[in-house]
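*Asks:* Sequence:
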Amino acid sequence: MHNANNNPWDSFWQNAGSLGTFGKEQSTLGLPTALVDIWLNALSHVFPTKNAADVAILDIGTGNGVLPFLCVSKLGASNVSAIDQANISPLEQGFNAEITNVLKQIDFYPNTPAESLPFEDAKFSLAISNYAIEYSNMSASLKEVQRVLKDSGQFICITHAALAEVTEHSSAGIDVYKAMFKATNAINTMRDVAAQKNSAEALKPLFQALMTVKNECQTPHHLDWFEQYIQPIAHTCMLLKNGQYEQGAMLNHIAQIGNDAANGCERSKQQVAAARTEEELAMLIKESGLKLLGIDPVTADDKLQGYLVRAEKV
1 MHNANNNPWD SFWQNAGSLG TFGKEQSTLG LPTALVDIWL NALSHVFPTK
51 NAADVAILDI GTGNGVLPFL CVSKLGASNV SAIDQANISP LEQGFNAEIT
101 NVLKQIDFYP NTPAESLPFE DAKFSLAISN YAIEYSNMSA SLKEVQRVLK
151 DSGQFICITH AALAEVTEHS SAGIDVYKAM FKATNAINTM RDVAAQKNSA
201 EALKPLFQAL MTVKNECQTP HHLDWFEQYI QPIAHTCMLL KNGQYEQGAM
251 LNHIAQIGND AANGCERSKQ QVAAARTEEE LAMLIKESGL KLLGIDPVTA
301 DDKLQGYLVR AEKV
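As numbered in the UniProt record's numbering, the sequence shown has no gaps in its residue numbers, which increase by one up to the final residue, 314.
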């Protein structure tokens, strides 16, 4: 029917319109203000006796570079490397001149796994990661972090938490995707109408099935995903019903809806799988050879959003 990208994050970062994973709804930074403040507070404790320009920094799972951007623009860092498993290209995303000029000061490494860092031993004074390193084989990645850190170098990350609200939201997204795209066969139904294998009358039972899905949404998270998914489907069905389309373009459009939804579901699955408990994180840090300095809950509106983990190479 349709195929998701081999790496569902490639298309995400090419179309995010923001530096961070929370999207342009949170401004071009793509990071909520509360998280920006948490990061700046955590990072400021690394630099009190050092000139930030002298601190070699590695960001793991950088996306479009939100953490390196903060390090350069807010803290004065000038030696920043940033890796991501995805095929990122932050300088090609059309950000404004102010942001682009900062990004030009960062060394980006696309298609680079955290489990095999392309850097010599003891290169960095600081390694950071924002909702990213946990998507990798975290045991292997943390050992790589330990390897590339200098003695007394620090590792700071914010990770997904097993009981966090964002994890619940992603779980709901998986449920809704299965109900809307698998159970209703929505993509094939629209494609057959576009290819004139079926009349537009075939859309009526599809919409009835989709409304049943809506009525069965159990939580606000489920409803949020339903609203995200229904918009392109509803718009496409309207065009199909009115005959307002060119066939080839419409078939490509329908395939893209399916691909986008499948990639979104895969990202949600990865996020749920990446979420850790506090105890699991502590054990992973210990096994890596790093010294755990602390694990603190990250909250918003009194709801758990993740964990702030701090460790040191000794």
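Think of the hints as simulated: they come from the structure by calculation, not from any bench. Some clues are possibly wrong.
Straight-line alpha carbon distances no greater than 20 Å define the calculated EDC-like cross-link-like pairs of lysine to aspartate or glutamate that follow [what the hints assert, rightly or not]:
hint, residue 1, residue 2
1, K143, D121
2, K150, D121
3, K303, D192
4, K182, D192
5, K24, D224
6, K123, E98
7, K269, D10
8, K182, E266
9, K214, D224
10, K143, E120
11, K123, E92
12, K214, E246
13, K269, E287
14, K291, E278
15, K241, E280
16, K143, E266
17, K104, D121
18, K123, D107
19, K24, D10
All values reported here derive from a predicted model rather than from experimental measurement.
*Asks:* Could you tell me which of the hints above the structure violates, numbers in ascending order?
*Replies:* Those not satisfied are hints 3, 6, 11, 12, 13, 15, 16, 17.
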